[in-house]
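As they're listed, the protein sequences go chains W and E.
57 is the number that my numbering gives to position 57 of the first sequence; each next residue is one higher, with no gaps.
293 is the number that my numbering gives to position 293 of the second sequence; each next residue is one higher, with no gaps.
The hints are all genuine.
Result set (BS3-like, lysine-lysine): computed pairs, CA atoms no more than 25 Å apart in a straight line:
(1) W:LYS129 x E:LYS251
(2) W:LYS263 x E:LYS268
(3) W:LYS228 x E:LYS251
(4) W:LYS263 x W:LYS321
(5) E:LYS47 x E:LYS70
(6) W:LYS13 x W:LYS161
(7) W:LYS64 x W:LYS92
(8) W:LYS92 x W:LYS161
(9) W:LYS177 x E:LYS251
(10) W:LYS355 x W:LYS321
(11) W:LYS55 x W:LYS85
(12) W:LYS177 x E:LYS119
(13) E:LYS119 x W:LYS2
(14) E:LYS276 x W:LYS129
(15) W:LYS136 x E:LYS119
(16) E:LYS251 x W:LYS263
(17) W:LYS137 x E:LYS119
(18) E:LYS119 x W:LYS145
(19) E:LYS251 x E:LYS268
(20) W:LYS177 x W:LYS145
(21) W:LYS354 x E:LYS268
(22) E:LYS232 x W:LYS129
(23) W:LYS2 x E:LYS251
(24) E:LYS18 x W:LYS228
(25) W:LYS55 x W:LYS77
(26) W:LYS129 x E:LYS275
(27) W:LYS129 x E:LYS268
(28) E:LYS251 x W:LYS55
(29) E:LYS251 x W:LYS200
Since the hints were derived computationally from the structure, they do not count as laboratory data.
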Amino acid sequence: MKLREHEAKNVLKAAGIPVPAGFLIRSPDELTPHLGELGDAFVLKAQVDVGGRGKAGGILMADKASGTKVAAELFAKEIKGLPVKEILAEQKLAIQHEYYLSITVDRSSKQPLILFTEAGGVEIEITAKEHPELIKKVVANPLMKELPPFMIRELIGTAPKEIGPVINQLFRIFIEKDALLAEINPLVTTPDGVFAADAKIIVDDNALGRQGITVNRDLSDREREAEKYGFSYVELDGAIGVIGNGAGLTMATLDLIEFYGGKAANFLDVGGGAEADRVEKAVRLVSSVPAVKVIVVNLLGGITKCDEVAKGIIGAGISQKVIVRLAGTNEAEGRRLLSEKGYEMLDTMDLVVKKAVEVTA
Amino acid sequence: MIYGDRNTGILVQGATGKQGEFHIGLMNAYARQVGGKGVVAGVTPGKGGKEVHGVPVYKVHGVPVYNTVKEAMVHHDIGSAVIFVPAGAAADAIMEEANAGIDTIVCITEHIPVQDTMKALAYARMEGASVIGPNCPGLLSPGEVKMGIMPAGLFSRGNVGVISRSGTLTYEVVDELTRAGIGQSTVIGIGGDPVIGQTFADVLERFEKDPETKAVVLVGEVGGNLEEEGAKSTNMPIVSYIAGVSAPPDKRMGHAGAIVEGGEGDAKSKIARLKKHGVPVASRVSEIPEMVRELFRGKC
Chain W
1 MKLREHEAKN
11 VLKAAGIPVP
21 AGFLIRSPDE
31 LTPHLGELGD
41 AFVLKAQVDV
51 GGRGKAGGIL
61 MADKASGTKV
71 AAELFAKEIK
81 GLPVKEILAE
91 QKLAIQHEYY
101 LSITVDRSSK
111 QPLILFTEAG
121 GVEIEITAKE
131 HPELIKKVVA
141 NPLMKELPPF
151 MIRELIGTAP
161 KEIGPVINQL
171 FRIFIEKDAL
181 LAEINPLVTT
191 PDGVFAADAK
201 IIVDDNALGR
211 QGITVNRDLS
221 DREREAEKYG
231 FSYVELDGAI
241 GVIGNGAGLT
251 MATLDLIEFY
261 GGKAANFLDV
271 GGGAEADRVE
281 KAVRLVSSVP
291 AVKVIVVNLL
301 GGITKCDEVA
311 KGIIGAGISQ
321 KVIVRLAGTN
331 EAEGRRLLSE
341 KGYEMLDTMD
351 LVVKKAVEVT
361 A
Chain E
1 MIYGDRNTGI
11 LVQGATGKQG
21 EFHIGLMNAY
31 ARQVGGKGVV
41 AGVTPGKGGK
51 EVHGVPVYKV
61 HGVPVYNTVK
71 EAMVHHDIGS
81 AVIFVPAGAA
91 ADAIMEEANA
101 GIDTIVCITE
111 HIPVQDTMKA
121 LAYARMEGAS
131 VIGPNCPGLL
141 SPGEVKMGIM
151 PAGLFSRGNV
161 GVISRSGTLT
171 YEVVDELTRA
181 GIGQSTVIGI
191 GGDPVIGQTF
201 ADVLERFEKD
211 PETKAVVLVG
221 EVGGNLEEEG
231 AKSTNMPIVS
241 YIAGVSAPPD
251 KRMGHAGAIV
261 EGGEGDAKSK
271 IARLKKHGVP
281 VASRVSEIPE
291 MVRELFRGKC
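Take the sequences, apply the hints, and build the full model.
Below, the structure written as structure tokens:
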């Protein structure tokens, strides 16, 4: 789950990384008591859970006189379709130079990867493409509590030495906060020292519990409901509902829909050993999406009991058409139950998907 | 064979849990069928050595259960371990087995925090152990050994290796191969997490040295670039399939590792890079058997 800027900055601040003075406000009036503390000119930043917020008009400049009015203007906006409920009002920094610093999980080395470049302030993807030589990279053993000095030297090169402790603190945050990404972009130098002007932290969804996070904000209501039942669910925008077991098989089913020229409404992986009540919940959940016209059920497995799956499909009793491909234990019984009720069954995933695409065409 | 054969003694960590018990039964049923050693010992801290119904040692399907891996190692010849413990204890289990000197560690457990996985793998590397997974179905060498949860009924023995980041999708591929009369040497699921122990490149290296394996089916998915790295690293004849062509960016498709991030790891560019390396890529799973046959006609 992605932390909001103000949350990420609080994490940095607690670890001793300097961040600009700032306040979180939930209405324009809440700015008034802080007007004296932010200097003459300051920045208002919408705390919305989308990327590219600056370009979408989510960051506005303000001063003492205009502050409340500008804040009201920002609260009235929608940023990429999201309402602005919180604004971070922040001191404007006298920036001398912008750097980029991030730590990610490197799949190839299976270790944290630290990236630093003096060419900050631009999108890192662009620098990586056009000037990869400007990006310094270091892979750090995750069993280390802090980075040895040589790694810091390799990273910062000729950049100011005050950046060293920031890198070390960010590494500690990355490990302790179960981050998949910890990024400061830009990390800036000012006459008053180094500051994290923006911050991004993504917490591992598998570690939310031990990080004290109870609700995963990155999920939609339906996705959250699916999570409660132990399903993996992703909302898409087509008309063919999809239920599969296993992430790979379900993805392959979606791809096959695209291959035959159709569009999937969702990705739903019921997981292993699905029983009747779980299948019933999955079918109901997918059928509750208004756009869904037909549902493809593609279940394969040694331990999935086909009669249980059949009972689940029948129990859900939904109005949309359900097309089923079943293979596994008690296959004959599952088929018998479904055919008794008039459900359509086909032998391969190619056939069920083709049929579903025809129905929605 | 790679990673083990019928003579490999297997230890199951988390032997007394629901999953552990269930799969000890299935693994040993398979071992009996092929005349293999199968699971010889189980470990569950606190359960080992207790008397149950007058029997001096706690047993699961006749397999003795110990408190620690080291204790089990004293009494049995163990070459590999399969982990079924909950996510919070899995990294510890990997490290305990690596420390005890087990060569191959298969971690079935899903939802382990990535930081824990990175630490456990770094430690296992120092101890010289190979970790398969986490979040994987394990491996099966038909007629030899099953370490994990793959449904044995779909498999047939032959010369094609299968490496996959998935579970049921692997079974689908195996089912297609078997129906087409193409047998498998070893089928291995390397795991759906972003950080995994054995990668495509590691397994391909073993397949290269395996006289039983003449060609490999590489089943990948969105996220990262381990598929391309693997294809680049080997001279093995490969057919590939990549799941997630229709996956939207920045959404996790079931597996923690199946995500297109920052415009990287999408299926289309992955497929393009594989093709550039001369690897044929199937657009549908059902096309794989014919492409494997084509490979045998051309290269093998």
